[in-house]
Amino acid sequence: MAGAEYVGLETQVVARVHATHTQLTPELASILALCTQPMSVAEISALVPLQFGVARVLVNDLSASGYVDVYSTDEAMSQDPELIMRVIRGLREL
Amino acid sequence: MNSDTRPVPVKIIIAGGFGVGKTTAVGAISDIEPLTTEAVMTAEGIHVDDPGGRSTKTTTTVAMDFGCVTIDGGIKLYLFGTPGQSRFGFMWDDLAHGALGALVVVDSNRLDHCYAAIDYFEKRDLPFIVAVNTFNGVLSHPLPEIRWALAISDDVPVITFDARDIRSVRDALVILLDRALDRATGQVTAQPRSTTAMR
Chain U
1 MAGAEYVGLE TQVVARVHAT HTQLTPELAS ILALCTQPMS VAEISALVPL
51 QFGVARVLVN DLSASGYVDV YSTDEAMSQD PELIMRVIRG LREL
Chain X
95 MNSDTRPVPV KIIIAGGFGV GKTTAVGAIS DIEPLTTEAV MTAEGIHVDD
145 PGGRSTKTTT TVAMDFGCVT IDGGIKLYLF GTPGQSRFGF MWDDLAHGAL
195 GALVVVDSNR LDHCYAAIDY FEKRDLPFIV AVNTFNGVLS HPLPEIRWAL
245 AISDDVPVIT FDARDIRSVR DALVILLDRA LDRATGQVTA QPRSTTAMR
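Residue numbers (the working numbering), protein chains in the order written: chain U, 1 to 94; chain X, 95 to 293.
Hints listed in this document are in silico derivations from the structure and should not be mistaken for laboratory results. Glycine included, C-beta positions come from ideal geometry on N, C-alpha and C. Careful: at least some of the hints might be erroneous.
[Said to hold, decoys possible] Not everything, but these chain U residues come out facing chain X in the computed CB check (under 7 Å):
#	residue
1	8
2	63
3	87
All chains should be built: construct the whole structure from the sequences, respecting the hints.
Written out as structure tokens, the structure is:
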């Protein structure tokens with residue numbers, strides 16, 4: 001799925017455990033360092049910090065070169081009744 | 095990463111004018127301190143008559159405060175605040191892509207700051223509800239008047255809530271998600287906008 005997947009604000013970015021980053025620019029290395037746990041592109045943008053559009057491009061680059069995996073929720077998944085029910089149940093438990 | 099641990103991000107848009115309580119609502123329910131991401135749109139106009147080829151640029155920056163609620167099973171619910179005026183609309187396609195729905199936060203004295211966002215959600219057929227922030231305990235106009243002024247159809251819930259109160263914010267989100275669920279299960283079809291109410 002690397003490279004082709006839609007990368008949005010909430011897209012989760014996870015560094016691949018075997019990723020080495022000796023060749024990366026400081027911005028790319030900063031992103032990779034943040035993504036040892038699943039991290040959204042919006043959080044990456046806020047924490048590095050980078051404009052969202054820039055963060056998205058760099059995440060796409062990291063994904064295309066195999067440093068990270070990205071996980072998005074597409075339009076069809078967001079209309080899955082089971083997923084919506086799980087979110088409702090989760091909120092009711094707060 | 096196997097399917098059990100695969101992170102599942104979902105999001106809800108929190109739209110409304112400046113100072114209506116978007117960030118307060120996000121902060122009330124978020125697991126993390128609200129963060130801010132900035133997006134910039136540059137529109138370039140080139141003076142074609144000018145042999146020097148000078149260009150003018152206008153830049154619009156939108157700062158979006160957001161938070162996250164972690165649900166079970168790897169679901170992370172992101173809440174993104176966005177101004178409701180049309181000049182910030184360049185981010186709405188990205189916000190709406192895959193969104194569960196939108197909570198339109200309204201100050202009953204300043205309804206005009208959410209017209210453009212409501213128009214957009216209606217055209218996009220994205221489930222939304224209108225939540226009037228009554229943080230000061232004052233509702234300056236009755237809800238039916240607000241519904242009329244916003245020209246929204248009768249099936250769109252218009253509620254009051256307190257953006258500072260986690261339970262109140264939670265309840266507002268659940269009402270929105272119930273509506274999204276009805277849409278997803280086909281119990282509600284998109285209704286054409288009322289043509290009788292005028293702004």
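Taking each numbered hint in turn, which are not upheld by the structure, reported in ascending numerical order?
Failing hint: just 2.
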